[in-house]
Each structure stands twice: as C-alpha cells, then as structure tokens.
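Residue numbers (my numbering), protein chains in the order written: chain A, 1 to 388; chain Z, 1 to 388.
Think of the hints as simulated: they come from the structure by calculation, not from any bench. The structure presented is a predicted model; accordingly, all values stated were derived computationally and were not measured. Please note that a few of the clues may not be correct.
Heads up, the list lumps identical chains together, so a pair's fine if it works in one copy or across two of them.
Under the rule of at most 20 angstroms between Cα atoms (straight-line distance), these lysine-lysine pairs were calculated in the PhoX-like manner [claimed, not checked]: (1) Lys205 with Lys185; (2) Lys330 with Lys312; (3) Lys350 with Lys12; (4) Lys381 with Lys330; (5) Lys330 with Lys385; (6) Lys385 with Lys281; (7) Lys312 with Lys12; (8) Lys350 with Lys184; (9) Lys312 with Lys385; (10) Lys152 with Lys313; (11) Lys12 with Lys381; (12) Lys12 with Lys313; (13) Lys125 with Lys195; (14) Lys195 with Lys205; (15) Lys172 with Lys185.
Protein chains: 2
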Amino acid sequence: MVLDGLGDLATKGQNELTPLEAARTPNLDLLVLEGVAQGRMTPVAPGITPGSGPGHLALFGYDPLEFQVGRGVIEALGLGLHLKAGDVAARANFCTLDGKGIVTDRRAGRIETAVCEELCDLLAKRIKKLGDAEVIIKAGKGHRFVVLFRGKGLEGPLTDADPHREGAPIPKAQPIGRKSAKAKKTAKLVADFYKAALPFIAKKKPANGFLLRGIAHQPEIPSFEERYRLKPACIAVYPMYKGLAQLVGMTKLEGPQTLAAQFERYLAEYDHYNFFFIHYKYTDMHGEDGNFEAKKKAIEDFDAALPILLRKKPDVLAITGDHSTPCVMKAHSWHPQPVLLHSALSGSDKLDRFTETGANMGSLGVFEAKYLIRLMQANAKMFDKFGA
Amino acid sequence: MVLDGLGDLATKGQNELTPLEAARTPNLDLLVLEGVAQGRMTPVAPGITPGSGPGHLALFGYDPLEFQVGRGVIEALGLGLHLKAGDVAARANFCTLDGKGIVTDRRAGRIETAVCEELCDLLAKRIKKLGDAEVIIKAGKGHRFVVLFRGKGLEGPLTDADPHREGAPIPKAQPIGRKSAKAKKTAKLVADFYKAALPFIAKKKPANGFLLRGIAHQPEIPSFEERYRLKPACIAVYPMYKGLAQLVGMTKLEGPQTLAAQFERYLAEYDHYNFFFIHYKYTDMHGEDGNFEAKKKAIEDFDAALPILLRKKPDVLAITGDHSTPCVMKAHSWHPQPVLLHSALSGSDKLDRFTETGANMGSLGVFEAKYLIRLMQANAKMFDKFGA
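Could you build the full structure based on these sequences and the hints that come with them?
Pasting the structure below:
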C-alpha cells in the first residue's frame, strides 16, 4: 500500500507534528496494536531525492541506480502510453521561434491544453512513420506533450533538443556517452522528426516550434513475476503509477477511482493474484501544494477506508510511501519514508502508532527501499535458509 | 559471547514479550546500567535467514556471501571432524534400494544410531583410500553420517547423489557451474566411492544404499589471527561451533560442559589469548522447540553465570546471537538479532535493559553482523585514524 509522498517533517514553529502524527488514524492504530514492525526506508541513497520512477522501482525491488528510466519514458507513462522495451520517448514542449529559429518563449506563452491537443492531432495525422520507425504523439497539459519513437535498433539517452534558455536556437539531440550505431540512428530520427514536423506548425502562433527533453529508451526490465515468483496486480488511479507497474509486468486492474473502490477491487481480485500494489496519490499531491491540513485529511481518508483492505487479512501488508513530500518543501525529498510491516511474523515493536518518530524506533531500522520486497517475501515464508 | 538464536519476536495474543524481555536478568541489567551500546545486526542481508555457518562466519567478521561453507562441511564439523582447506565433505543418509537400484526409503526406515555406527565402521574399515584420496567416514545420529574425501586437486560443489524422492534411482553427483578438472576428479571420486561401497552393504536390510548431499569442499579462509591481529580461542560445547571456530583458525579450548565452566575456563585462559568466542547453544535449541519458557530460562541461566565472566572485566564485551530463533517460528529467522557492546568507550544508550525493543533504539542502529568485530576492535583502540 503506497501512500505517495507519505513521509514529512516536523518543523519547529511551523508544524510541530507531521501530517501522519497529526492525523486521527484509529484503524491504523488498531493494526499497530495487533503487532507491526516499523522502520524508515531510504528511497535511493542518503541525501538523494527520487522522482516517482526510482521511488516506485525501489518499492518493486529494483535497484533504482541499476534500472534507470528516462524522463521521457516517465512522462509517456504518465499520459497512459503503453511502452515497449526499446521505445524511445521524449518530453516535449511547444515553444515560440523567431524568423531565425531562435527560441523566444520556451513555453509558447503557456498555450491552453485544447490548443496543444489540436497541434498534436495535426502532427500525429501528418507524421505516422519516419523511415522504419513509428511515431506516436500524445498531448499533455498546457504546452506539454510526448513523442514516442517505436522501431528496431533505437537507443537513448540523447542530449536535449532544448537550449534551456531563451535567445538561442534549438540544439540537435546527440548521443550521450558511447556513440552506438543505435544511438546515432535515434539522433538522426529525432533530427528527421524536426525536419518533418516544423513546417506543419511554422505558421502557428505562438506555438511554431517545440523542444524535446529527456530522450531515452525504455530499458528491458526483468519481470516482477519471474523475479519474485509472485503474480502481481496494480490498482492505481493515475496513469504514471499504472505505467510504472506495467514496466515490471504487473497486470493493471482498471476502473476504481476512489481508495474505497480500489480496496473493494482488491477484495474482488484477491484469489487471482498474490501481490497487490495499491497506489494512493493524494498524500503526495497535497504535500506538493504545501497543504498540511489536506495531507493530514488524505491520511485520515486512507485510514477510514483501511478496514475494507483488512477484511481479507492479507498475509503480509506493507504500508509506506515511495518517498517523502514534506509540506514545508512543497516537493519530493530525500528524507527516509516511514514503513509499516504487518504479518504473523512481523513481531511487534510495541509502539502505539505508525508515525515518522515511531518508525525511528522500529525494529526494521533505516534500510534501502529496494529490500522491502525481500522482507515481505521473508514474512511470507517464501525463502529457504541460507547455508547450513 | 554468542547466545545462539537469541533474537525473538513479540507476537500479539501469543507472547507479548520476547524471552529476553520476559527473563529476569539482574546481572545483565547491572551491566546495562554501567553503560552499553545496543543495536541490531542483520546476519546476512535483509530478509535472509542464515544457517549456523553463515551466522557465525559473519560474527567472526567474514562476509557470509563471500565465504560460503557447504552443508557437507558444516555437517562434518558438527560431528567433530577436523577439516582442512580443500577437503570435500558430504552429508550422507543410509537408504533402502530395491533390486533395480530404485530408492524405496530415503531414510532406510530411520535405523538406530547403533546400526548406523556399525555400517559406518564396516565401510570405514574396507574403504580407506580411493586412488590418491583418503576417505573418512563418520556416523551421526540415526541414519545420518558424513563422508570426507581428502586428497589433492578436489573441488566442489557437486549436485546431490540423491533423487530427493522415493521411486527413482540415485543420480550421479555432477559438478555445479564451471566444470573444472578438480570438480570432474571429485565427481569421479564420488562415483568410485559408490562403486566400492555399495557391494559391502548390498545384503544389509533395510540400509543397503546411501545418498550423498551438499557435496562441497572446505574453502580456504584467511585466519582470524592474521586478519585481526588477535589471538583467538573458542570455548564451545557443541562440535559444530568448535568446527566453525576452527575454520577461521581459532584454538579450541576443550572440556567445559556448562556455561559456568566455560566462563571459568575463560578466566583461566585469560592471559593466553586476547579474543574469546564463547558459545551457548540452549537459547537456539529451545527456540527451535518453540519452548518460550525454556528459552527464557536459558537466558536467566546465562544471566546467573554472567558474574563469573565479568570477574576479569573484559576490555570489550559483545553479547549477541548469530541470528534470531523466534519461538513462534520454531526455526532460525531473518529478524536482526539484538547486540550489546560494552567497553570503556561504548558509551551508554541510557536504556534500562538489553532487549530487542531497547536495541531498536540503541546507538549502534541496525548493521550487518560482519562489522561487529571491527566495532569491537575500534572499542579496543586497535585502529589508527583513517586519513589526516
């Protein structure tokens, strides 16, 4: 159970309690009394603030330093695109160019989503293929969109086709690091895309150009099922988290829009899978807004729905975040997120509640998030003894 | 001071306290009041349950993932065999074969130890050498025994000469992984042993065959004394722990059968060594039986004897387990074991007692057991500053 961005900070003079500490959580408290182990997890490494990609890959047991997923890929997943290993994805922005091709506004005056969708439709209709590669274009919010290149022998990462400031032309995307034939082919493909696409929007104002960033391919990731001998399902509302789950081969159970509905779906699907990843976005969202009361309320809403989840008495239950999103920071942070582990073998740390401060005193200590799955598997008695 | 399998779980509705928490330990409590550092140790890695071999190698400062000791070697050590680096050891079972060589009972009707000893004596008398390799056979309990091959150029691991089920013939032991000339020689030696030995017991009922498992050589392990500049002695009662100590070159101080006698022996030998590994088996034994009261009593017995150990005021004293053996599990587990460190420089964590819950809050945190020796050496001021 992932409460996105759950971890927070108590800050003298601002909030003396964290949202988790301040929230009324009677159902969570009951679970803690039944016996749970607590601890804190370092999402990537000490001092490193993760994005949602590394945050979740770590929770799924994949070393986020070994399995790196590009920003373009994450953005594409966030728009609900179904990526295949080897697909090259880029985050894109419409921008404004002057007569000499100089970027005069990197966000094209922040055009409306509707305008962006119109422009993307236009480009998508005119450019379906380039050479042997398929081109997929999908509009996002405001001036943002995503370009996906699907074909044989493509590879990222490339440098950004973005000067990262106004007053300069759009640089060519170039292979980063070793210049493989695949990376060169991909760089040429991006250049060809610019050549083909720019004329179609040359007369549009203010969005007569575009920038591409985070150009990378989706890496081959060993499947969760093979890695852990568990049949996993994802019950998430937001596309990015479904996408991340799909990256490791989880089945997406679509439909539920509320946490109660997600938990009901879990009950309904209980016999068909033996691992469920349930994602709850609002703790992070309100943390990003710096809205302490709303984050606290999101935790209380989670607590109110929790009895539905517990109806099936899961053998092993972990409740945690993918990282911290402290309200005072209005952003993801590096602070280890609290984690609660409940099973017949989790033992009890004899703490009253599940909180950041309590988790500091828990038996799990501070550990790397990538080990959580292994601990859960141990609690499910999935392992033989190591050595005699 | 190793209280084998010391760590345990508090479990709602069963034992709300762990044996260590429930035990009356006035002498340990006094030591804690004098000032100790506490923490918990991960024996191998998060979620991994160790056997006694990896558990102890970690305590001796050897990475248990780097120095792996085969099951055959551990079994041989448990029977008190003195192994040399390169010796190949196998766990053996007498079994019953039908006329066609099919295994009909993998445990030969669980023959009495006396019968096993007779059969082992017979085989040991008839087969002393095969080619240039010495063969050593030693009976264990019931149908179990150990076969040791000592010669030049031998190497494991080999696959088991055991179908692991009834109704199949005994498969040939084959090299695992890279097929080195040494491993091939060892596989041939095992095959030759079968050829030589089976005829001698062909008429015996029901033990007219045998299975070999965990066939591996004893790895070359750098000596404790060279590694740490400490002259180590082992005061243990059970052969396996003496054997593990001997693997790293500790001197075995034989004789004592009770903890009080072990501590007295420590006092007597105090001037002859500067590191003592004292092993106490009963915490683990009662944990394996799921006998909470007996495990608690074993801890109280330890506590009662403790003042003898403390008479010499050791410069650095660590009290811990090699892993947890929770009563509810009746088995070793992955849960980090509590550790107490006492020295003039250990500081005080200001806790009242040495318990799992207290250790969660200790200054040592949760760390890998292989670092304990280094911490002890630091407390003994054995190290220079690193860098300027």
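**Homo-oligomer pair classification [Lys281, Lys385; C-alpha up to 20 angstroms]** = Intra 38 angstroms, inter 19 angstroms, cutoff 20 angstroms: inter-copy only.
**Request:** Classify it for me, Lys312 with Lys12: is the Cα-Cα distance of at most 20 angstroms met within a copy, between copies, both or neither?
**Result:** between (41 angstroms within a copy, 19 angstroms between copies)
**Message:** When Cα atoms must be at most 20 angstroms apart, do Lys312 and Lys385 count as within-copy, between-copy, both, or neither?
**Reply:** This pair counts as neither: shortest intra-copy Cα distance 29 angstroms, inter-copy 38 angstroms.
**Asked** With identical chains treated as interchangeable, where does the CA-CA distance between Lys381 and Lys330 reach 20 angstroms or less: within a copy, between copies, both, or neither?
**Response** This pair counts as between: shortest inter-copy Cα distance 13 angstroms, intra-copy 40 angstroms.
**Asked** Between copies, within a copy, both or neither: which fits Lys350 and Lys184 at Cα up to 20 angstroms?
**Response** neither (58 angstroms within a copy, 55 angstroms between copies)
**Prompt:** What label fits Lys195 with Lys205 when the C-alpha limit is 20 angstroms: within, between, both, or neither?
**Reply:** Close inside one copy (19 angstroms), not across copies (86 angstroms); limit 20 angstroms.
**Request:** Can you give me the call for Lys12 and Lys313, within, between, both or neither, at a CA distance of at most 20 angstroms?
**Result:** between (39 angstroms within a copy, 15 angstroms between copies)
**Request:** Indicate which option fits the pair Lys172, Lys185 if close means a Cα-Cα distance not exceeding 20 angstroms: within, between, both or neither.
**Result:** within (13 angstroms within a copy, 52 angstroms between copies)
**Message:** At most 20 angstroms between CA atoms: does that hold for Lys125 and Lys195 within a copy, between copies, both, or neither?
**Reply:** within (16 angstroms within a copy, 77 angstroms between copies)
**Alpha-carbon proximity between Lys350 and Lys12, which holds within one copy, between copies, both or neither at 20 angstroms** = Between. Shortest inter-copy distance 10 angstroms satisfies the 20 angstroms Cα cut-off; intra-copy 27 angstroms does not.
**Prompt:** Is it within a copy, between copies, both, or neither that the alpha carbon of Lys205 lies no farther than 20 angstroms from that of Lys185?
**Reply:** Intra 32 angstroms, inter 73 angstroms, cutoff 20 angstroms: neither.
**Message:** My question is about Lys330 and Lys312: at a cut-off of 20 angstroms on alpha-carbon distance, are they close within one copy, between copies, both, or neither?
**Reply:** Classified as neither; 36 angstroms inside a copy, 26 angstroms across copies.
In this structure, the hints that do not hold are numbers 1, 2, 8, 9 and 10, in rising order.
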